[in-house]
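Student: Please build the complex by placing chain B on the supplied structure of chain A, with the hints as guidance.
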Amino acid sequence: MRVEYINPFVESAFNVMREVLQADVKRGDLYLKSTSMPVMGVAAIVGLAGDVEGRVLFDMDKPTALRIASAMNGEELTTMDDLAKATITELANMITAQAVTKLHELGFRFDLTPPAIFTGDNMEVSNQDVEALIVPMEAPQGKVEINVAIRERA
Amino acid sequence: MKTKEDFPSINERKPEGQRPDGTPFRVLVVDDSMFVAKQITQILTSEGYDVVGQAADGLLGLERYKELYPNVDLVTMDITMPNMDGITALQKIIEFDKNARVIMISALGKQDLVKQALLTGAKNYIVKPLDRKKVLERISHVLSK
Chain A
0 MRVEYINPFV
10 ESAFNVMREV
20 LQADVKRGDL
30 YLKSTSMPVM
40 GVAAIVGLAG
50 DVEGRVLFDM
60 DKPTALRIAS
70 AMNGEELTTM
80 DDLAKATITE
90 LANMITAQAV
100 TKLHELGFRF
110 DLTPPAIFTG
120 DNMEVSNQDV
130 EALIVPMEAP
140 QGKVEINVAI
150 RERA
Chain B
0 MKTKEDFPSI
10 NERKPEGQRP
20 DGTPFRVLVV
30 DDSMFVAKQI
40 TQILTSEGYD
50 VVGQAADGLL
60 GLERYKELYP
70 NVDLVTMDIT
80 MPNMDGITAL
90 QKIIEFDKNA
100 RVIMISALGK
110 QDLVKQALLT
120 GAKNYIVKPL
130 DRKKVLERIS
140 HVLSK
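So the sequence lines, in the order shown, correspond to chains A and B. Quick note on numbering: the first sequence equals residues 0 to 153 in numbering that gives the first Met the number 0. Quick note on numbering: the second sequence equals residues 0 to 144 in numbering that gives the first Met the number 0.
In case anyone wonders, no lab produced these hints; they're calculated from the structure. Everything numeric in this text was worked out from a predicted model, so none of it was measured.
Here are the simulated lysine-lysine pairs, PhoX-like style, with alpha carbons at most 25 Å apart:
(1) B:LYS37 to A:LYS61
(2) B:LYS37 to B:LYS132
(3) A:LYS32 to A:LYS142
(4) B:LYS132 to B:LYS122
(5) B:LYS114 to B:LYS132
(6) B:LYS37 to A:LYS84
(7) A:LYS101 to B:LYS114
(8) A:LYS101 to B:LYS133
Just chain A, same shape as in the assembly (with noise of 0.2 Å):
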């Protein structure tokens, strides 16, 4: 995978995150992923397809997406709700549109699907023919992991 298309992510979570947590957000390395890998128990997956095609999925436990879905409601929240789920949505949606904005800059064009968000225990995601660049946030509220699997249409 070409690392012009995790950049635009990895800068776009970095700045988003700081924003609406109004927190010091970290870095991590980037590690490449390609058979399957355990997701952490609350993801929100957003499809890309055009002249790229992939995913990218946004995974976090449960404590931290509370802790980051709390952090931005400025309210505590307990229970992954219809409220907690939403937000979780919004902020991959958030990341998503300003990464997407820089790789359309870049002449890249593709459509984005909404957002959908898994939650449970012992999930795994596997991408057949695409590999996953993995991008760990870390955040006061916990680590975010930005998976994105993107190929060029052939």
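Tutor: For chain B alone, kept in the frame of chain A given last:
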């Protein structure tokens, strides 16, 4: 004991959400994200606005506008929504009430849609993530015209 009268009133600023006569401006919030709708509602009510209605898609937003009319001063309208998108809903609201004041709420990266909305008659737009100051500025600016 000190009473309220002992302190000078340094904070006597009128909430932006009220007219000179003290009645609140009435806002309809159209957004499919519960989070964003709640965020806008909190920002507005904290400044004295009255959120008179919420709708989760463009079609419901249009229906709600017609029900509320003429007792609604402003609409905040998301762009990407199921059933009917925000631009179509804007168009239909303007067909119904050519003086409708609609502000678009958009994620970054939808410049073409925002432009189309402004040409259709939206009065302004706000890009997410929503910043309290920016939201209040844009809304009070539209209402002051």
